[in-house]
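Student: Given only the sequences and the hints, what does the whole structure look like? Please build it.
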Amino acid sequence: MKKTLYEITKMDCPSEENLIRMSLDNISSIANLEFDIPNRKLTVFHTGETEQIEKSILALNLGGKKLSTEHTDQTEFEEDTNQQKLLWTVLGINFAFFLIELSTGFLSKSMGLVADSLDMLADSFVYGISLFAVGGTLARKKRIAKLAGYFQITLAIIGFIEVLRRFLGEEKLPDFSTMIIVSIFALIANGICLYILQKSKSEEEAHMKASMIFTSNDVIINLGVIVAGLLVNWLNSSKPDLIIGTIVFVLVLQGAFRILRLSK
3 MKKTLYEITK MDCPSEENLI RMSLDNISSI ANLEFDIPNR KLTVFHTGET
53 EQIEKSILAL NLGGKKLSTE HTDQTEFEED TNQQKLLWTV LGINFAFFLI
103 ELSTGFLSKS MGLVADSLDM LADSFVYGIS LFAVGGTLAR KKRIAKLAGY
153 FQITLAIIGF IEVLRRFLGE EKLPDFSTMI IVSIFALIAN GICLYILQKS
203 KSEEEAHMKA SMIFTSNDVI INLGVIVAGL LVNWLNSSKP DLIIGTIVFV
253 LVLQGAFRIL RLSK
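Oh and the sequence shown: position 17 is 19 in the numbering used here, straight run, nothing missing.
These aren't lab readings, by the way, just hints derived from the structure by calculation.
Just so you know, not all the hints are guaranteed correct.
Said to hold, decoys possible - In silico DSS-like links for lysine-lysine, alpha-carbon gap of 25 Å or less: (1) K148 with K241; (2) K43 with K68; (3) K5 with K68; (4) K12 with K68; (5) K12 with K144; (6) K67 with K4; (7) K67 with K111; (8) K241 with K111; (9) K174 with K12; (10) K43 with K5; (11) K57 with K174; (12) K68 with K174; (13) K67 with K57; (14) K57 with K43; (15) K148 with K57; (16) K5 with K87; (17) K67 with K43; (18) K87 with K4; (19) K12 with K57; (20) K12 with K67; (21) K144 with K87; (22) K57 with K111; (23) K43 with K12; (24) K5 with K67; (25) K68 with K57.
Please read all numbers here as calculations on a predicted model, not as lab measurements.
Tutor: Printed below as a string of structure tokens:
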């Protein structure tokens with residue numbers, strides 16, 4: 003048995019972990035995967051060479067790089083029997099906040115909230131693919147990934163068009179207080195999701211590490227919307243909201259392309 007350590011520089015939250023799991027689950031030489039999200043590390047226990055593993059990791063464009071390979075006598079691994087239950091939990095949280103942010107985004111005229119809602123939906127897609135493709139064929143998983151990816155791209159393009167329309171036209175100022183309050187709750191929700199999935203890995207990680215929270219891309223987005231809300235109020239301009247909305251739509255598109263790579 004061999005143990006290969008990878009650094010995944012863009013692995014910020016559990017949704018990237020699930021993308022990697024789905025990308026590698028058809029490689030028969032892999033015995034187990036161990037993820038360390040706070041430190042952006044992945045340990046792969048496998049037999050044979052690493053070429054196919056590295057190819058699958060690099061295809062996701064998450065900044066994967068092999069650090070070391072060594073032999074190991076470890077042949078038994080703990081199975082997390084609660085993984086499916088945990089995935090349903092974080093799927094429910096993400097989808098609920100997709101609906102909350104989408105509705106409050108339209109009501110408050112905030113493209114930042116609308117864009118963040120799509121980012122929540124993107125994470126829901128990843129968890130959903132992991133759940134609904136369990137026990138299914140590789141072809142089924144690829145079909146689900148392709149549908150999710152194209153749907154996500156369509157929503158992001160619609161978002162870009164709306165940002166452009168608001169940028170060129172006269173639009174009322176977003177309700178900055180709604181932006182801030184909803185984003186704070188979304189920030190808490192993302193922290194809970196991160197905590198739930200990391201807690202399942204080991205008792206050592208059960209207490210929340212600060213690095214575990216603030217390395218998450220989702221959390222950074224939430225903070226960005228909060229800052230945009232403050233700037234909307236301070237500058238009396240909708241431009242900060244449109245700028246953060248554009249940035250998040252770009253991130254949503256990147257996530258969609260990663261999902262589509264699973265369908266190839």
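Student: Each hint should be assessed against the structure and marked as holding or not.
Tutor: Each hint tested on the structure:
1. K148 with K241: At roughly 34 Å apart (the allowed maximum being 25 Å), K241 and K148 break the hint.
2. K43 with K68: Since the Cα atoms of K43 and K68 sit roughly 10 Å apart, the hinted pair holds (cutoff 25 Å).
3. K5 with K68: holds, 11 Å
4. K12 with K68: Roughly 14 Å between the alpha carbons, so the hint for K12 and K68 holds.
5. K12 with K144: holds, 23 Å
6. K67 with K4: Holds: K67 and K4 sit about 17 Å apart, inside 25 Å.
7. K67 with K111: With Cα atoms ~42 Å apart, K67 and K111 exceed 25 Å; violated.
8. K241 with K111: holds, 12 Å
9. K174 with K12: With Cα atoms ~36 Å apart, K174 and K12 exceed 25 Å; violated.
10. K43 with K5: holds, 13 Å
11. K57 with K174: Between K57 and K174 the Cα gap is close to 48 Å, so the pair fails against 25 Å, i.e. violated.
12. K68 with K174: violated, 50 Å
13. K67 with K57: Between K67 and K57 the Cα gap is close to 11 Å, so the pair holds against 25 Å.
14. K57 with K43: Since the Cα atoms of K57 and K43 sit roughly 17 Å apart, the hinted pair holds (cutoff 25 Å).
15. K148 with K57: Roughly 20 Å separates the two Cα atoms, so the pair holds.
16. K5 with K87: violated, 28 Å
17. K67 with K43: Between K67 and K43 the Cα gap is close to 10 Å, so the pair holds against 25 Å.
18. K87 with K4: violated, 30 Å
19. K12 with K57: holds, 16 Å
20. K12 with K67: holds, 11 Å
21. K144 with K87: At roughly 23 Å apart (the allowed maximum being 25 Å), K87 and K144 satisfy the hint.
22. K57 with K111: It is violated: about 43 Å lies between the C-alpha atoms, which goes past 25 Å.
23. K43 with K12: holds, 10 Å
24. K5 with K67: Cα-Cα ~14 Å, so holds.
25. K68 with K57: holds, 11 Å
Hint violations for this structure: numbers 1, 7, 9, 11, 12, 16, 18 and 22, all remaining hints satisfied.
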